[in-house]
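**Student:** Same order as they appear, the protein sequences are chains Y and A. For the first sequence, the working numbering begins at 53 and goes up steadily by one. For the second sequence, the working numbering begins at 51 and goes up steadily by one.
Simulated from the structure, these hints should not be mistaken for lab results. A few of these clues could be false.
Okay, derived cross-link-like pairs now, DSS-like style, lysine-lysine, Cα gap no bigger than 30 Å in a straight line [to be verified]:
#, chain 1, residue 1, chain 2, residue 2
1, A, K235, A, K247
2, A, K247, A, K221
3, Y, K508, Y, K323
4, A, K160, A, K387
5, A, K338, A, K368
6, A, K197, Y, K365
7, A, K160, Y, K508
8, A, K247, A, K160
9, A, K338, A, K387
10, Y, K484, A, K59
11, Y, K125, Y, K152
12, Y, K365, Y, K406
13, A, K247, Y, K406
14, Y, K235, Y, K179
15, Y, K406, A, K368
These stretches of chain A come out as covered by chain Y in the derived footprint (C-beta under 8 Å, 3 or more residues) [as the list claims (entries may be wrong)]:
#, region
16, 448-460
17, 548-557
Derived DEER-like restraints, expressed as beta-carbon distance ranges [to be verified]:
#, chain 1, residue 1, chain 2, residue 2, range
18, A, G447, Y, M99, 16 to 24 Å
19, A, F232, Y, R505, 32 to 40 Å
20, Y, R505, A, Q425, 38 to 46 Å
21, A, K387, Y, V428, 43 to 51 Å
22, Y, I185, A, A546, 31 to 39 Å
23, A, L587, Y, R236, 52 to 60 Å
For every residue, glycine included, the Cβ atom is placed at its ideal position computed from N, Cα and C.
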Amino acid sequence: MDTLSQIGSLHPLEVKVLTVLGQHQVRPLRQEDIGQAAGLEPSQLSMAVEWLLAKALLLVESEVVTPIVSLSKVGERYFEKDAPIERILSVVRDAQQTGKRITIQDLQAREGLEPSEMSGAIGSLKKEGAIRIVQGGQVEATGAPCPLAESLRTLLKDLQGAPRELHAFPEPLRRVIEHYAVKRGNPNEPFRIDDRVERRYQLTQAGQEAAQTIATQGLGDEVSQLTPELLKDGSWRTKRFRQYTISLRPPRLSAGRRHPYREFLDLVKRKLVSMGFQEMRGSLVETEFWNMDALYMPQFHPARAIHDVYFVKEPTHAREIAEPFLSRVAETHRSGGDTGSAGWGYAYDRERAKRLVLRSQGTAVSAHKLASGPAVPGKYFSIARCFRYDAVDATHACDFFQVEGIVLGPDINFRTLLGLLNLFAVEMAQAKDSRFLPAYFPFTEPSVELHVRHPKLGWMELGGAGLFRPEVTLPLGVEGPVIAWGLGLDRMAMVALGIHDIRDLFSTDLDMLRTTRGHF
Amino acid sequence: MPTISINLKDFEQLLGPAALGEATAGGNVLTAECLESWLPLVKGELKDHDCETGEVRVELQDSNRPDLWSAEGVARQIRIKLTGAAPAYPFFVAKPQAKRRLLVAPGLEKIRPYVAACTACGYAVTEAGLAQLIQVQEKLADIFGRKRSTVSIGLYRLPEIVFPVTYDLVKPDDARFTPLGFDNKMSLREILAVHPKGSEYGALIAGHDRVPLLRDDEGQVLSLPPIINSREIGEVRVGDRDLFVEVTGTDLVMVVLTLNILAVNLADRGAAVEPVQVTYPYETALGKSMPTPLDFGRPRSIPIQTIREALGMPLEPKQIRDALSGYGCEVRGSKDKLTVKLPPYRNDLLHAVDVVEDVAISRGYGSFEPVMPSQFTVGGLSRVEEMSDRMRELMVGLGFQEIMANILASRQELIERMRLTGSEWDRIVEVDNAMSQTFSCLRQWIVPSLLRVEAESTRSFYPHRLFEVGEVAAPDQAAELGSRTRMALGALIAHASANFSEVHSSVDLLLFYLNCPYSLEPVAHPSFLPGRAGRILLHGTAIGLIGELHPEVLEQWQVTMPAVVFELAVDQLAGEAVEKS
Chain Y
53 MDTLSQIGSL HPLEVKVLTV LGQHQVRPLR QEDIGQAAGL EPSQLSMAVE WLLAKALLLV
113 ESEVVTPIVS LSKVGERYFE KDAPIERILS VVRDAQQTGK RITIQDLQAR EGLEPSEMSG
173 AIGSLKKEGA IRIVQGGQVE ATGAPCPLAE SLRTLLKDLQ GAPRELHAFP EPLRRVIEHY
233 AVKRGNPNEP FRIDDRVERR YQLTQAGQEA AQTIATQGLG DEVSQLTPEL LKDGSWRTKR
293 FRQYTISLRP PRLSAGRRHP YREFLDLVKR KLVSMGFQEM RGSLVETEFW NMDALYMPQF
353 HPARAIHDVY FVKEPTHARE IAEPFLSRVA ETHRSGGDTG SAGWGYAYDR ERAKRLVLRS
413 QGTAVSAHKL ASGPAVPGKY FSIARCFRYD AVDATHACDF FQVEGIVLGP DINFRTLLGL
473 LNLFAVEMAQ AKDSRFLPAY FPFTEPSVEL HVRHPKLGWM ELGGAGLFRP EVTLPLGVEG
533 PVIAWGLGLD RMAMVALGIH DIRDLFSTDL DMLRTTRGHF
Chain A
51 MPTISINLKD FEQLLGPAAL GEATAGGNVL TAECLESWLP LVKGELKDHD CETGEVRVEL
111 QDSNRPDLWS AEGVARQIRI KLTGAAPAYP FFVAKPQAKR RLLVAPGLEK IRPYVAACTA
171 CGYAVTEAGL AQLIQVQEKL ADIFGRKRST VSIGLYRLPE IVFPVTYDLV KPDDARFTPL
231 GFDNKMSLRE ILAVHPKGSE YGALIAGHDR VPLLRDDEGQ VLSLPPIINS REIGEVRVGD
291 RDLFVEVTGT DLVMVVLTLN ILAVNLADRG AAVEPVQVTY PYETALGKSM PTPLDFGRPR
351 SIPIQTIREA LGMPLEPKQI RDALSGYGCE VRGSKDKLTV KLPPYRNDLL HAVDVVEDVA
411 ISRGYGSFEP VMPSQFTVGG LSRVEEMSDR MRELMVGLGF QEIMANILAS RQELIERMRL
471 TGSEWDRIVE VDNAMSQTFS CLRQWIVPSL LRVEAESTRS FYPHRLFEVG EVAAPDQAAE
531 LGSRTRMALG ALIAHASANF SEVHSSVDLL LFYLNCPYSL EPVAHPSFLP GRAGRILLHG
591 TAIGLIGELH PEVLEQWQVT MPAVVFELAV DQLAGEAVEK S
């Protein structure tokens, strides 16, 4: 780029800096001197310097790093109220004079020190020889002086309100400072050492030329922004517009955006609707009846114990369960009722059926749909939030989504069940291969597990399905065959979102949400 | 459901030469992969495999098939398929009277009424066999027997026992024996108080002045069921040849089924099983006196059409019969009806559909060609979901980032930090058996979920504009379930100069596009700064809240920026939209 077009692209701040340095010719200047001469705020100045360096109009002539010591917040407190070693020393010495016995526990209780402060201070004092610990944890003063405590006091006084260069202190004091300086992982120290970086800048050859050009020819009638006024009176014709350096990074924006996991679920929802499924919704709080009994899970089923389901505290029970469903289900559990089943053969507890729980499986939503006179043929789905009594970790969430549904129709049988699962394999997981394995669910027979070869994950279980048992459908008033299906999509979602912890599906980290793209 | 260990070498023995040859295509060495390929027959999943020891772990899914919860059971099911022959268990064929007797004392019907027992002789217990005996005993008693409450099992050295054995009822101080794991005789009361199994299972027989006890004709104690066996008689070791097996419990069918399973397992290892005659002083579903093991299964008649329709395949009667007998069932039948009886170690034929699955598994799921359901249905979303999606789209257009949160939260987050304690808004659905306080309540509004994100994101550059459309639940005495689940939209704006009018603009525009002529009415709500909060009304009904969050709320959440929020009831807006159309 030639000098002229480069000058055209200079920001007014840059021009100011160039002019100041141009006046000093080749003599390097410190940043604050430039700022003063150009009349710029430190933030404006550092922006301008940054840009000029990037354009190779400016170079760093020298850089001096000076460690500066100052008091940290802890240091200020020590200055006011004495450091732990000073406090301990004075207590122990006082005790010595009055002949009192004092233990470490006493010290800690009296002085209200943190255990870490306490042990550090005791250690240092022992090392100094100023105190000793005798039997029974009793602390005694040795009578020896404590140079460490004195040095510390000197330093606290010297540095109070006045940071100084580290090298201004003699070697022994420097060692004390370094020992008691804030470090990574140990912020509770009285001193902090910060590096003061002092740079001197000087113009490059190109910079000198640019400065000279500006000095001799001026910038002309340059404007940075086209305004309505310029357009109105046509004066833009006489103006020159500053050229931008368009390779700089733009300011950050935050966009309005869908949650990446929700985006994934929206896709699932769209696919299911496109396959002819109607959405069903249900309640987060359910009765044991709809959550389990209606699904022919006997009340003694091992997965119904206190450690598998969340129970509601208040009220504990629903007022009633709709008839005729309660009576029919009760009879089916007891003897099979009119379903052609032998039943579970136990005394069904109608009161327990009313116990309120947090919905533990999406199939509860399907059970309600069966009881509400679904269309035949009909396809239904729900993306239902479910709750399980599980310790929360990288693979277990306390609440999560289940994608579940049912299919009703006269052509429903084991082979159409497999056909539907094949469709899911292709539509939901873009899988070329799939296979079916026998499975067990309390409410279906036959039951199938669908395994697919996912393009990224290899063989994985995509879902489970089966034909609802007549013990489920008949008491709820459905005569014909019904497919019940469920898909486990969270692993696929996690791969698409590039996360490894299931808890991150509900992340509370805004940065993560703003930066996750999602590859569906 | 149970995960069991299987030793591959032991498993080869259990399969027997014919089945092993079939399974390994003549290789005669069973690998874990080879075993895995046969596991669909038992709904099993290979969990892991230790190449050094030859141990594999298999998870068995079917909770109604306890007969499969052992190496013997898994091998049996695979062997039947491979050899096409169901094993014969002659001891199920009823004889008038079994040689050995077990007498039940009166009174047990109130505590632990049922018992079944048999003897198994001539099989010298091997190390792998003992491991399986212990494992199956544990799995059956723990999972099938619900932690020994419905079923518990005891195994004993037969030569030490003098018959008849009595299943007795005694006062806890009236008998003493040395329990397994101890060196000295203790009274039953001491065992219940001191023995680890006593404290674990004692509650099952507590609350009576007497406890169950098994002892022989000379008064030797066999065990204190379902707590612990005697150390002298009830500790089976490698090399023992003659065993006595008993099962006690509260459900007769489960007790007998458990004994049947143990009996066939021992018979599969070469033991000669002989029934024991059990005599009750009270009536049971199977009579007052019966030999056990006992085949109590009844044949079931099933129309062939039912099987064909369910499978969607016009199978011939012979194909169905072959599939079922190849899975271990007894089948007889005509052209349109089959009579099916399960083997005596199974009791999972509740309904004809259970037979359908056996046919499918026996033939292999891979042998069924999938067919697409052909009937046309129209897909669609619920009104609430449609309204949610519209609102979400508008919120995104208004520059808000969507978030998703757990619905479970803590009372501290939902009530205390929101300054709602004791107010009319202090009402949430709480969990009775929460695992941790962090996840113990259902959120009653979305704002706390947004604040959770806000509190975690103080380093993320501002402005922050967040929203979520999601489910909430709130107590409602009028509701059937005592609470109602609702869909709500919550939104939050946080930056150095966030204020009421900014969030008001967002609500205003959102409701403009939703065609909802709303108005605001001041509200005194503890979460908001007084005078800077309002109810959002639609035709006089409250549909939401809007306001500047109280600084104390922000402090509690450790949010260091001013934040303004609004919340809207999505279901109400969806209902409104329907009325209009």
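**Student:** Against each hint, give a clear statement of whether it holds in the structure.
**Tutor:** Each hint tested on the structure:
| no. | hint | verdict |
| --- | --- | --- |
| 1 | A:K235 / A:K247 | 16 Å, holds |
| 2 | A:K247 / A:K221 | 19 Å, holds |
| 3 | Y:K508 / Y:K323 | 20 Å, holds |
| 4 | A:K160 / A:K387 | 43 Å, violated |
| 5 | A:K338 / A:K368 | 41 Å, violated |
| 6 | A:K197 / Y:K365 | 27 Å, holds |
| 7 | A:K160 / Y:K508 | 59 Å, violated |
| 8 | A:K247 / A:K160 | 22 Å, holds |
| 9 | A:K338 / A:K387 | 35 Å, violated |
| 10 | Y:K484 / A:K59 | 37 Å, violated |
| 11 | Y:K125 / Y:K152 | 34 Å, violated |
| 12 | Y:K365 / Y:K406 | 13 Å, holds |
| 13 | A:K247 / Y:K406 | 35 Å, violated |
| 14 | Y:K235 / Y:K179 | 22 Å, holds |
| 15 | Y:K406 / A:K368 | 47 Å, violated |
| 16 | 448-460 | holds (count 11) |
| 17 | 548-557 | violated (count 0) |
| 18 | A:G447 / Y:M99: 16 to 24 Å | 34 Å, violated |
| 19 | A:F232 / Y:R505: 32 to 40 Å | 56 Å, violated |
| 20 | Y:R505 / A:Q425: 38 to 46 Å | 29 Å, violated |
| 21 | A:K387 / Y:V428: 43 to 51 Å | 28 Å, violated |
| 22 | Y:I185 / A:A546: 31 to 39 Å | 54 Å, violated |
| 23 | A:L587 / Y:R236: 52 to 60 Å | 55 Å, holds |
Comparing the model with each earlier hint shows violations of hints 4, 5, 7, 9, 10, 11, 13, 15, 17, 18, 19, 20, 21, 22; every other hint is respected.
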